[in-house]
Amino acid sequence: MLKIKFLLPLIAFVLLVALLAAGLSNDPRKVPSPLVGKPAPYFELPRLDDPSVKFNPQMLKGKVWLLNIWASWCVACRAEHPMFNQLAKQNIVDIVGFNYKDTNAEAKAWLRQLGNPYSVVVTDQKGLVGFDYGVYGVPETFFIDKKGIIRYKHIGPISYKDLNEIVIPLIKELRAEK
Amino acid sequence: MRIFIVLFMILQLNLVHAGVEFRQFERAELEARYNILIDELRCLVCQNQNLKDSNSELAKDMRDKVYQMISEGKSNQQIADFMVARYGDFVLYKPPFKTITLLLWLGPLIFFLIAMTVLFRVIRQRSQAGSVELSDAEHQRAQRLLQSTLKKDDAS
Chain A
1 MLKIKFLLPL
11 IAFVLLVALL
21 AAGLSNDPRK
31 VPSPLVGKPA
41 PYFELPRLDD
51 PSVKFNPQML
61 KGKVWLLNIW
71 ASWCVACRAE
81 HPMFNQLAKQ
91 NIVDIVGFNY
101 KDTNAEAKAW
111 LRQLGNPYSV
121 VVTDQKGLVG
131 FDYGVYGVPE
141 TFFIDKKGII
151 RYKHIGPISY
161 KDLNEIVIPL
171 IKELRAEK
Chain B
1 MRIFIVLFMI
11 LQLNLVHAGV
21 EFRQFERAEL
31 EARYNILIDE
41 LRCLVCQNQN
51 LKDSNSELAK
61 DMRDKVYQMI
71 SEGKSNQQIA
81 DFMVARYGDF
91 VLYKPPFKTI
101 TLLLWLGPLI
111 FFLIAMTVLF
121 RVIRQRSQAG
131 SVELSDAEHQ
141 RAQRLLQSTL
151 KKDDAS
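Chains as they are written, first to last, in the numbering used here: chain A, 1 to 178; chain B, 1 to 156.
Note that these hints are calculated values from the structure, not bench results. We put the beta carbon where it would ideally sit given N, CA and C, even for glycine. Any given hint could turn out to be false.
[Said to hold, decoys possible] Selected chain B positions facing chain A (Cβ under 10 Å, derived; list incomplete): (1) 40; (2) 44; (3) 47; (4) 58; (5) 62; (6) 80; (7) 84; (8) 90; (9) 93.
Put together the whole structure using the sequences plus the hints.
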């Protein structure tokens, strides 16, 4: 009995350290999106290649698609871009590019230089639609299922590891759904 | 001339008061609400700053939105809900009371109760240790000892 009492402060300390260690290993930049599990907010935005033509999410109903938010001023987007080029080659998913707070000229130059993995690129120059998607840092990627529901949000650049361990398995899983 | 200087100074004061942008409100009450809201909403880019303190682009957009919604006659709750629907509870500096935040809200109370229990038990143990019952034999021995010291005192 005396021994347990003697150990109690130590046990409490170890528990506290474990709790704090768990807290430290969380990435504070990754704020869970309340949009996961909800329908992708509707929008109508002009296409980069032809601003007179509008795109809306209804056009991809019944398909699994990704909404990749990027900008030419975003350095991390440059880092993840090769992953999207690689993913596009596999032809398993439609990738919609969401050009956020950018100019059309710079966006086009960026795609010419780095390649264009997108089925369509829409432009949100003022970031108004980005607001509805809770965009707070680019790049961000939304995974949208056949019913138009957001199933996952990837915050920050997609790495080669993320591509193989998260992105591709999830796309396959979503494609298998009815 | 002097009146212009005074006017200019008042304008400056307003600028400092209303955050980064200059805002015009129909009523002072709306301005007060605006200031409370940008004080209580978090900027997600900078994370540990509220909308009032932050210079980031996103914070500016969010301030614009708050201003716009106030002008449209939306309530504080509606504006907070609008932000939470997009950015999650994290956007609020005051977290709501729900299952996931239960420990956060009740944690201090739980720790207080634990501390009080421990304190109470320690006090009780100590007071019990102070009043030890003596057996008859011990009682007599104590008596004898007391008497012998009394005798010694007499002798000296």
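Hint status (Cβ of residue 58 of chain B to nearest Cβ of chain A, threshold 10 Å) = holds, 6 Å
query = Taking 10 Å as the limit, does the beta-carbon of residue 80 of chain B come near enough to a beta-carbon in chain A?
reply = Since chain A brings no Cβ nearer than about 13 Å to residue 80 of chain B, farther than 10 Å, the hint is violated.
ask   = With 10 Å as the cut and Cβ atoms as the points, is residue 44 of chain B at the interface with chain A?
value = Constraint on residue 44 of chain B satisfied, holds at 4 Å.
query = Do the numbers back the hint for residue 93 of chain B, that is, is its least Cβ distance to chain A under 10 Å?
reply = violated, 14 Å
request  = Using 10 Å as the Cβ threshold, decide whether residue 90 of chain B counts as touching chain A.
outcome  = holds, 5 Å
ask   = Taking 10 Å as the limit, does the beta-carbon of residue 84 of chain B come near enough to a beta-carbon in chain A?
value = Hint on residue 84 of chain B: holds, closest Cβ of chain A at ~7 Å, below 10 Å.
query = Should the hint that residue 40 of chain B touches chain A count as held when the rule is a Cβ pair under 10 Å?
reply = Hint violated; residue 40 of chain B Cβ to chain A Cβ min 17 Å, cut 10 Å.
key: residue 62 of chain B as chain A interface residue, shortest Cβ-Cβ below 10 Å   = holds, 8 Å
key: Interface hint status, residue 47 of chain B versus chain A (Cβ within 10 Å)   = Constraint on residue 47 of chain B satisfied, holds at 6 Å.
Figure legend: structure checked against the earlier numbered hints; hints not met, in rising order: 1, 6, 9.
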